[in-house]
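Q: Residue strings, one per chain:
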Amino acid sequence: MTGHLASIGRVWLRNAWVYRDRWYYGLLPNFFEPVFYLLGMGVGLGFYVSTGGAFDGDYLGFIIPGLIAAAAMNGASFETTYNVFVKLHFGKIYDATIATPVGIEDVTLGEAAWAITRAVIYGGVFLLVTLAFGTAFDARLLGALVAIALVGFAFSALGLAFTSVVPTIDLFSYYFTLFLTPSFLFSDIFFPVAERFPPILATVAEFTPLYRSVQLMRGVMQNGGEGVLLDAGYLLAFGIAFLAFAVWRMRKRMIQ
Amino acid sequence: MGVSAMTTPTPEAISTPTVVRATNLSKRYGSFTAVDGVTFEVHQGEVLGLLGPNGAGKSTTMRMLYQVTPPSGGELELFGMRSGLDARRIKGRLGVVPQIDNLDEELSVRDNLRITARYHGLTPAESRRKAEALLAFAELEAKATVEVRALSGGMKRRLTLARGLVADPDLVILDEPTTGLDPQVRLTLWDKMDDLKRRGATLLMSTHYMDEAERLCDRLLIMDGGRIVAEGTPRGLIHASLPPFVVEGRLIGGDDTPFRALAVEDARDFVRSGDRVSVFVRDGADALARVLEGGADADRTFVRPSNLEDLFLRLTGHGLRE
Ligand SMILES: Nc1ncnc2c1ncn2[C@@H]1O[C@H](COP(=O)(O)OP(=O)(O)O)[C@@H](O)[C@H]1O
Ligand SMILES: [Mg+2]
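These protein sequence lines are chains A and B, in that order. First residue of the first sequence: 0, per my numbering; consecutive thereafter. First residue of the second sequence: 31, per my numbering; consecutive thereafter.
By construction, these hints were calculated from the structure, which means they are not laboratory data. Each hint should be verified, as a subset may be incorrect.
[Claimed, not checked] Selected chain A positions facing chain B (in silico; Cβ < 7 Å):
id	residue
1	Leu-4
2	Gly-8
3	Ala-15
4	Val-17
5	Arg-19
6	Ile-92
7	Ala-98
8	Thr-99
9	Pro-100
10	Arg-250
[Said to hold, decoys possible] What follows is a list of derived Cβ distance ranges for each label pair:
id	chain 1	residue 1	chain 2	residue 2	range
11	A	Phe-175	B	Ala-174	31 to 41 Å
12	A	Gly-25	B	Ala-174	17 to 27 Å
13	B	Asp-305	A	Ser-172	38 to 48 Å
14	B	Gly-110	A	Leu-4	53 to 63 Å
15	B	Ala-172	A	Phe-206	51 to 61 Å
16	A	Leu-4	B	Leu-115	13 to 23 Å
17	A	Gly-133	B	Leu-115	57 to 67 Å
18	B	Leu-217	A	Asp-169	36 to 46 Å
This one's a predicted model, so the numbers in the text were calculated from it and none came from an experiment. Think of the CB as a built atom: it goes at the ideal place given N, C-alpha and C, for glycine as much as any other residue.
Isolated chain A (complex conformation) (with noise of 0.2 Å):
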């Protein structure tokens, strides 16, 4: 078990080695993405859609949880899918890793972990700045850090879930525009999608990993703490599944 821990930690650290030889290339992006989607969608269309309804006269504080959410969704899902499509199929350096005593199971667990990692730094950074948007700079932070893990962990088991089954990285274009895309338009961060759309969409948009993860980060960051117990709950057993899966594909996969 120690060993396991380990050696999911070792594969952790090479991932942070890499990381820590080229963070700075990934660090404007990371801090402009908030910085324009506040400007564009919270201050520019804010000012006409701020009338009323759920939006309570603040349409920017009413999209900065869900926003931040979607980050730490992105973080992970581009860390389990290109990214370990990659060290899979071409640089095959899970080949490696497994003829030494670290296990495939422990190279996909310390994949997800690494994800999380990622998910935090980018979520985490969209939270900083969301500081210059109104967030208070209050215990709430901490909390919200939490809720970016679990949304980080939640997407990195499906990302590795679904990176164990596609053959060729084509295929990741379908993730990211039939799965990834409409999960942000239609899972309340922009509108409560209940109040535009049939209640059978409602309920399944409500089903949805991040429909689950906007609601704890408005739980934890606006709510007061309401509900969130059952969207951590959802994000955790939604994801330990889906990592269940994914350690079972790639045994298969890479053990032949």
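Given chain A's structure and the hints, the job is docking chain B with the ligands onto it.
A: Relative to chain A, chain B with the ligands alone:
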């Protein structure tokens, strides 16, 4: 650095001089049998070669040994431990140099060594020390901070070899360590492997180069079609199955009478394919003199010692590289 575990054998190693014991080991992929019931042992301190053409089952056999391919049948034990059950501990005592370089292109040369050392459970300080020692061994000190993608093919191969030594392995598995390399790069790699041999390392290597097998291996398993077709020392194998010399000639006008005049002990000692004739004989000089006397063209006739390629052809009916 390197193989200190060799010079100070553990108590376990003393009681089990047999490092690998494979009994009737096989691997099937669907209805295709890649490895077909091989039985062999690897003994401590020896260099055992798997010699065979592409598709013979060499890599699959090795992958079963280093625990990334589960056998379909038979028994396999390494260091006295059952394969599969103790995969983690078994892999901890192995060094693997795979057929295709799978270095980490996103890390520097030094970090490739360091992370592999960490995977083997070495502390950060030990890993750093190990990496420096192996950089020297692989003559890559000047490239320590360079990214792997900037290395030449030969350098990559040396780094892959060095990476296989980070854990002071009790057995190093090398899958076609010099395939596809330039002749002079092969020579440097052979030197490195000689180095390991002198330190008493136990090596299992595959190759389809008979010169490599003859030069480096103490003992050979000749594989073809997933089976072991012969086993022995390189010289012993040849001597057991073939006369020591071959008279070879190119015929003009298809007349092979001078060669036919040589008495052979076995019908298979006379081989003719197209306008080429090879005759296996006990006394090379005498045979050469006789075919020349008989009218063979002196410019197109010569004697050489029989080799593993001849043996392979004799055993399987086809060459090592086709
Ligand atoms: N994962 C696999 N699935 C199906 N067939 C395989 C697989 N791996 C190897 N083989 C087949 O098994 C045979 C032996 O392959 P291999 O062990 O790589 O031979 P060698 O290393 O001697 O060239 C080959 O015919 C190869 O195509
Ligand atoms: Mg091979």
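Q: Look at each hint and say if it fits the structure.
A: Now for the hints, and whether the structure bears them out:
Because the smallest distance between the Cβ of Leu-4 of chain A and any Cβ of chain B comes to about 12 Å, over 7 Å, the interface hint for this residue is violated. Against a cut-off of 7 Å between C-beta atoms, the interface hint on Gly-8 of chain A is violated, since the closest Cβ of chain B lies about 9 Å away. A least Cβ separation of about 10 Å between Ala-15 of chain A and chain B goes past the 7 Å threshold, and the interface hint is therefore violated. With 7 Å as the threshold, the beta carbon of Val-17 of chain A comes within range of chain B, its nearest partner Cβ sitting at about 5 Å, so the hint holds.
For Arg-19 of chain A, the interface hint is violated, since its Cβ never comes within 7 Å of a Cβ in chain B; the closest pair sits about 10 Å apart. This hint holds: Ile-92 of chain A has a C-beta 5 Å from the nearest C-beta of chain B, less than the 7 Å allowed. Here the hint on Ala-98 of chain A is kept, as its CB sits about 4 Å from the closest CB of chain B, short of 7 Å. Residue-level restraint check for Thr-99 of chain A holds (minimum Cβ-Cβ distance to chain B is 4 Å; threshold 7 Å).
Because the closest C-beta pair between Pro-100 of chain A and chain B is about 5 Å apart, less than 7 Å, the hint holds. A cut of 7 Å between beta carbons decides the hint on Arg-250 of chain A: the least distance to chain B is about 10 Å, and the hint is violated. Separation of Phe-175 of chain A from Ala-174 of chain B is about 38 Å and conforms to the stated range, judged on CB atoms against 31 to 41 Å. Judged by the Cβ atoms, the range 17 to 27 Å given for Gly-25 of chain A and Ala-174 of chain B holds: they are separated by roughly 26 Å.
At about 59 Å, the CB distance of Asp-305 of chain B to Ser-172 of chain A disagrees with the hint of 38 to 48 Å. In this structure, Gly-110 of chain B and Leu-4 of chain A break the distance hint of 53 to 63 Å, their C-beta atoms being roughly 27 Å apart. Distance hint check for Ala-172 of chain B and Phe-206 of chain A: the Cβ-Cβ separation is about 58 Å, which falls inside the suggested range of 51 to 61 Å. Distance hint check: the CB atoms of Leu-4 of chain A and Leu-115 of chain B are about 21 Å apart, consistent with the given range 13 to 23 Å.
At about 59 Å, the CB distance of Gly-133 of chain A to Leu-115 of chain B agrees with the hint of 57 to 67 Å. In this structure the hint that Leu-217 of chain B and Asp-169 of chain A lie 36 to 46 Å apart at CB holds, the actual value being about 43 Å.
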